[in-house]
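Undergrad: Chain residues, written in single-letter form:
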Amino acid sequence: MLLCCLTGIATSQVGKPFIHDPSTIIECGGKYYTFGTGSGGLISEDGWTWNSGGVRPGGGAAPDVLKIGDRYLIAYGATGGGLGGGHNGRILTMWNKTLDPKSPDFMYSEAVVVASSDGVEDCDAIDPGLLLDPTDGRLWLSYGTYFGFIRLVELDPKTGKRVEGNEAVNIAIDCEATTLMYRDGWYYLLGTHGTCCDGANSTYNIVVGRSRKITGPYLDNVGRDMLKGGGKMVVAAGGRVTGPGHFGRIVLGEGIEKMSCHYEADLDRSGRSVLGIRPLLWKNGWPVAGDNFVEGTYEIESERRGYALELAVDFVRMPGGMRGFNHNNDEPVKPVPSQKLEDVIKTWPTGNIDVRLGDYMFRPHQKWTIAAVPEAGGYLGGPYYKIVIEGTGRALAATADAGLITVPEFTGTAEQLWRIDQLTDGTYRIMPKSVPNSSQKFVLVSPGDSTPALAGFNMQSDNCKWNFRAH
Amino acid sequence: MNMRRQIYLLAISFLICGGPGLQGYSATSGSNVDGKVKSDTARSLEGYFTPAASSAKRPDPEGFIQRWLLLEPISKPNRSNTVFTDSYIRKAFETEYFPGQFTVFPKDRQKVKAGTQELMWHSLDSKDFNVKLYRFAYGLGKETYGVLFWTATIVNSTRELRNVRMAVGSNSASMWWLNGKEAVILSGDRRMVMDDCVSKSFTLNRGKNVIRGAIINGPGMSDFCVRFLDEKGQPVKDLTISYE
Numbered sequence: 001m002l003l004c005c006l007t008g009i010a011t012s013q014v015g016k017p018f019i020h021d022p023s024t025i026i027e028c029g030g031k032y033y034t035f036g037t038g039s040g041g042l043i044s045e046d047g048w049t050w051n052s053g054g055v056r057p058g059g060g061a062a063p064d065v066l067k068i069g070d071r072y073l074i075a076y077g078a079t080g081g082g083l084g085g086g087h088n089g090r091i092l093t094m095w096n097k098t099l100d101p102k103s104p105d106f107m108y109s110e111a112v113v114v115a116s117s118d119g120v121e122d123c124d125a126i127d128p129g130l131l132l133d134p135t136d137g138r139l140w141l142s143y144g145t146y147f148g149f150i151r152l153v154e155l156d157p158k159t160g161k162r163v164e165g166n167e168a169v170n171i172a173i174d175c176e177a178t179t180l181m182y183r184d185g186w187y188y189l190l191g192t193h194g195t196c197c198d199g200a201n202s203t204y205n206i207v208v209g210r211s212r213k214i215t216g217p218y219l220d221n222v223g224r225d226m227l228k229g230g231g232k233m234v235v236a237a238g239g240r241v242t243g244p245g246h247f248g249r250i251v252l253g254e255g256i257e258k259m260s261c262h263y264e265a266d267l268d269r270s271g272r273s274v275l276g277i278r279p280l281l282w283k284n285g286w287p288v289a290g291d292n293f294v295e296g297t298y299e300i301e302s303e304r305r306g307y308a309l310e311l312a313v314d315f316v317r318m319p320g321g322m323r324g325f326n327h328n329n330d331e332p333v334k335p336v337p338s339q340k341l342e343d344v345i346k347t348w349p350t351g352n353i354d355v356r357l358g359d360y361m362f363r364p365h366q367k368w369t370i371a372a373v374p375e376a377g378g379y380l381g382g383p384y385y386k387i388v389i390e391g392t393g394r395a396l397a398a399t400a401d402a403g404l405i406t407v408p409e410f411t412g413t414a415e416q417l418w419r420i421d422q423l424t425d426g427t428y429r430i431m432p433k434s435v436p437n438s439s440q441k442f443v444l445v446s447p448g449d450s451t452p453a454l455a456g457f458n459m460q461s462d463n464c465k466w467n468f469r470a471h
Numbered sequence: 001m002n003m004r005r006q007i008y009l010l011a012i013s014f015l016i017c018g019g020p021g022l023q024g025y026s027a028t029s030g031s032n033v034d035g036k037v038k039s040d041t042a043r044s045l046e047g048y049f050t051p052a053a054s055s056a057k058r059p060d061p062e063g064f065i066q067r068w069l070l071l072e073p074i075s076k077p078n079r080s081n082t083v084f085t086d087s088y089i090r091k092a093f094e095t096e097y098f099p100g101q102f103t104v105f106p107k108d109r110q111k112v113k114a115g116t117q118e119l120m121w122h123s124l125d126s127k128d129f130n131v132k133l134y135r136f137a138y139g140l141g142k143e144t145y146g147v148l149f150w151t152a153t154i155v156n157s158t159r160e161l162r163n164v165r166m167a168v169g170s171n172s173a174s175m176w177w178l179n180g181k182e183a184v185i186l187s188g189d190r191r192m193v194m195d196d197c198v199s200k201s202f203t204l205n206r207g208k209n210v211i212r213g214a215i216i217n218g219p220g221m222s223d224f225c226v227r228f229l230d231e232k233g234q235p236v237k238d239l240t241i242s243y244e
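Protein chains in written order, with this note's numbering: chain H, 1 to 471; chain R, 1 to 244.
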């Protein structure tokens, strides 16, 4: 876990990630895409820097996107949006072979209506969310908003049309921007609660309920049905961003999941609505948003043993030893200064220094300052970081032999850049941008209690997991 | 629907170019995919309410009280529900809109004068666990947005019940009184969530206990749900509900 006092959080993406009601982020041809209300959407080359460029016809509101086979199914709501508060909405779906508008294959099929509301009934057909059930391949779509029920309908995964004869099922009330996901025998219904579209005052937040059946009932952690307003918090405002809404789940691999959303207002960006990408954690069978990594100085602790990553240098003793017994306990106590970098740095070699793991003693050779390197780009949900000994330029680097070393000064080469992903259990994966002369996707591991190295990631092994502790 | 979102969607709309009963709730018109707007001329309470019968009514299996006297909505224009701060709703609910508002228990079909509005009380049984005020107003052809609802009911207990809490959810803000004392206040732009706010522990009298409630709403749906919880958090169901 990242245990520290939060002084600043990079909670949204860089570039111009301005969007409202984003679809679940999806990868196509090595790029990432999300579409929002209105027309168009955002594209990212690396998942960290986002700019406009996505193309989605039909306008309307709050789309969702799902890859089925080699095609992309896009659902969106063409809301009535009447001045008097009309609630006659329609949900449409359409296909495309690619999401890249520059591709010769880029062509949307004609949109078809799969659900609607008549403006009177207890439902407003907007805000679709798609789920392809991994257990049986059936395709489901939830939709609706605060005006009545959230409904579930079944679509044909081959055509994207409504399954003939399918009747909608009410599955929740008093939320909007719903979507569904499946994990370990549970179906999860995510909904957005609170006040939308009020900038810094928006109270939007994302809640969840779960069910053993896709059709519900979706109950929260205290057993309340989402048809009675139930819902367990997944993420609310924090840092300098308010109003997370429109959940989307992205599974990058076992143990590595992200969630996309928008924040109603990023107070560091004129209070505009921006794209958010955060780690998605699972605690006791419930999804909860993790926190994006916070720059700072940390102990890097192995989950395996609890030892700390450190320079392989001579241990320099602090003055004094055990104070002994039979002293006068009435003597005034006084603080003992911590060991400082200047107390020890002259004992360190000036060239490359190996790293190892050891008992954490809050000594200078164990304190790592981790800072983003803006010019190095990033990955889905984060920038690349440099990891240096506090107060120095001495940087952690990957070596060609799947090992680790520190170099005297950070130079920005790929083996000195690190990707940090919070895992679904709350621990972290630390991964070099590249390993010299290798195409292997290695991560930082601790094959022995005291020995760090690089190896393939295995979510089932604590050897591959780390915590950042601020003391 | 959140009206701010409605306005937001309206703004973008100008840019636009373009197995039943699986659970307890089955959408009745969910198969509609033609996108047509239904005529709203045939309004009624049917589907959401039935006239309250003279026979005793118990809470539903989860303890929710479904029998209420509802006053037709008092006009109280608000373009947004975000104005419902604690101070705002206290002032709004402490204002006397009609004579005997806090002292006289209303009767079915009784009319009151609230400003220039002549409004009628209706004794109704909700078909749902919650009371859908939007549908009450809509069904009567009254204003649905920018309104204030008053409601009352009588809870009868055959014995004194100690350490009981009143649990309320409402859309939007509301305030509730039990036997003349303030019990629960729900401020802000609220959605109706069961057991959203609960009162402090109190004693439910043997015999009659009077609940009054006031719910205010700007745009969007409006509803409420009320039940009593015992000291273990379990619903109190050994009650009868009446409207006189």
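No lab work stands behind these hints: they were computed from the structure.
Just so we're clear, the structure is a prediction, and the values are computed from it rather than from any experiment.
You may find that some hints are simply not true.
Non-contacting residues of chain R with respect to chain H, defined by C-beta distances greater than 10 angstroms in every case (computed) [said to hold, decoys possible]: (1) Phe102; (2) Asn156; (3) Arg162; (4) Asn171.
Calculated cross-link-like contacts (lysine-lysine; reagent style DSS-like; alpha-carbon spacing at most 27 angstroms) [said to hold, decoys possible]: (5) H:Lys232 x R:Lys111; (6) R:Lys232 x H:Lys232; (7) H:Lys161 x H:Lys232.
DEER-style ranges, computed between Cβ atoms [unchecked claim]: (8) H:Lys161 x R:Glu143: 38 to 44 angstroms; (9) H:Gly15 x R:Arg58: 38 to 44 angstroms; (10) R:Ser75 x H:Met233: 49 to 55 angstroms; (11) H:Glu375 x R:Lys200: 35 to 41 angstroms.
Here a beta-carbon is modelled for each residue, glycine too, at the ideal position from N, C-alpha and C.
Undergrad: Are any of the numbered hints broken by this structure? If so, which, sorted upward?
TA: Hints 4, 5, 7, 9, 10 and 11 contradicted; others consistent.
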